Every structure is written in structure tokens, then in C-alpha cells.
Amino acid sequence: GAGVSQSPSNKVTEKGKDVELRCDPISGHTALYWYRQRLGQGLEFLIYFQGNSAPDKSGLPSDRFSAERTGESVSTLTIQRTQQEDSAVYLCASSPSARAGEKLFFGSGTQLSVL
Amino acid sequence: QQQVKQSPQSLIVQKGGISIINCAYENTAFDYFPWYQQFPGKGPALLIAIRPDVSEKKEGRFTISFNKSAKQFSLHIMDSQPGDSATYFCAAGGNQFYFGTGTSLTVIP
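If you read the sequences in order, they're chains A and B.
Take the first sequence: its letters are residues 1 to 115, numbered as in the working numbering.
Take the second sequence: its letters are residues 1001 to 1109, numbered as in the working numbering.
In short, the hints are calculated from the structure, not lab data.
Careful, some of the hints might be misleading.
DSSO-like cross-link-like pairs, simulated, lysine-lysine; straight-line CA separation at most 30 Å [to be verified]:
(1) Lys1042(B) <-> Lys1057(B)
(2) Lys1058(B) <-> Lys1071(B)
(3) Lys1071(B) <-> Lys1005(B)
(4) Lys57(A) <-> Lys1068(B)
(5) Lys1068(B) <-> Lys103(A)
(6) Lys103(A) <-> Lys1071(B)
(7) Lys1005(B) <-> Lys57(A)
(8) Lys1042(B) <-> Lys15(A)
(9) Lys1042(B) <-> Lys17(A)
(10) Lys57(A) <-> Lys1042(B)
(11) Lys103(A) <-> Lys1058(B)
(12) Lys1005(B) <-> Lys103(A)
(13) Lys1057(B) <-> Lys1015(B)
It should be emphasised that the depicted structure is a prediction, and the values quoted were computed from it without experimental measurement.
Throw the hints in and build the complete structure from the sequences for me.
Next comes the structure, spelled out in C-alpha cells:
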């Protein structure tokens, strides 16, 4: 596709369940970012991947959150034992590289609701 | 610690007026300052960006003013239009980007 694709677009889950969110970046983009956007709030940095380098996980809020990326393609964000405070829109973005000045291309996000 | 502080939280402007959104950052190592525009149900999209070696950048009706010594930058939207109604986020960083909390802009016809 032409843009960053995220799936599912909406996810409703019960407290305590695990969820997996998927991001397909733009082909050829080496950098991939995950952000969390709570209702009415800004974008909270979670993690970023750059090529084959070790990912920067400094933004992950707890050990219930993890993310993986296969090469320079698909990434999955996994939230274990979901809590109500995890309810948010999870946005994925990619860019041609992680150099300063590179434009981030965002997907439309996954709206996660934890009941 | 919030890396980027943004104000105001919301803004209402008459059509044709000037919209001004302000941001301040903490880390002097940041060297890229973009503004993103987000419409409901969509991801943010890059609007305009500036590097710290210039004090102003203009693209059409959108201007970024940058004050390196004060660690502040602002977005000015001239001749605001109803189609500009959206949420605007400032960001700062290098390899990582930290975003402000967003400003909801409403332009009244």
C-alpha cells in the first residue's frame, strides 16, 4: 500500500486479556515508531526501531508492553494482561531513516478499549 | 518530565484571523522541530518543520518562529480557514521525537 497500515482499526478487549497490534510500514522505510495517544492528550513515545539496531524501548510504560519488528517490515506491539488505563489510540509511524529531519508518516491508529 | 510543553489546549479563531500556538522544549540537544496536523480519525500529518539554525520558516499561510535561546517555537496560521480546524501538535527531537499535548483549533466561519 501507499501508506502506513495498522490493524485492527478497533479492538475491544476485557481486562486481563493480551492484545496484539500490527503495523505495516511504508516499504523501504527503515525507522518505525510506536506512540500512544490517550483521549484528549498528546502523543506518548513508546518505542522505535531503526534497521537492525537494538530498539529504543525507553518509552514503554511497563513490562506488560513489548514490541517486535521483523527486519524492516511488519511490527507488532503486544500488551499483556491489559488494564483499563491502557485504553487509547496506538499510532505507528515510519520514516525513511531515523536521522533528524526525516518526516514521520503515521497510520490511522488502533483504537484500543479495555473493559 | 514532559519534554515538550504546548499551549493553549484549545483555540477558537474567526475566519481570516491569525492562529498562534506555542511550544517550549527542555533538551538543548534537540535539532528538529516539526508541527503535525491531525484530523479526527486520522493519524497526524507533517505540516511544517524547522531546524535551529534559522529563526523563521514560512510555507504558504503557515509560519514557524523559533527562539533558540528561549527554547521556544510557535506556529502561526495566517488567514485561518474553517478547513484548518484540527488538532495541532508540536514536536521536538532528533532520532526520537517528543510531542506536545496538542491544541484543538476551531476556525469559525
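Enumerate the violated hints, using their earlier numbering and listing them in ascending order. none
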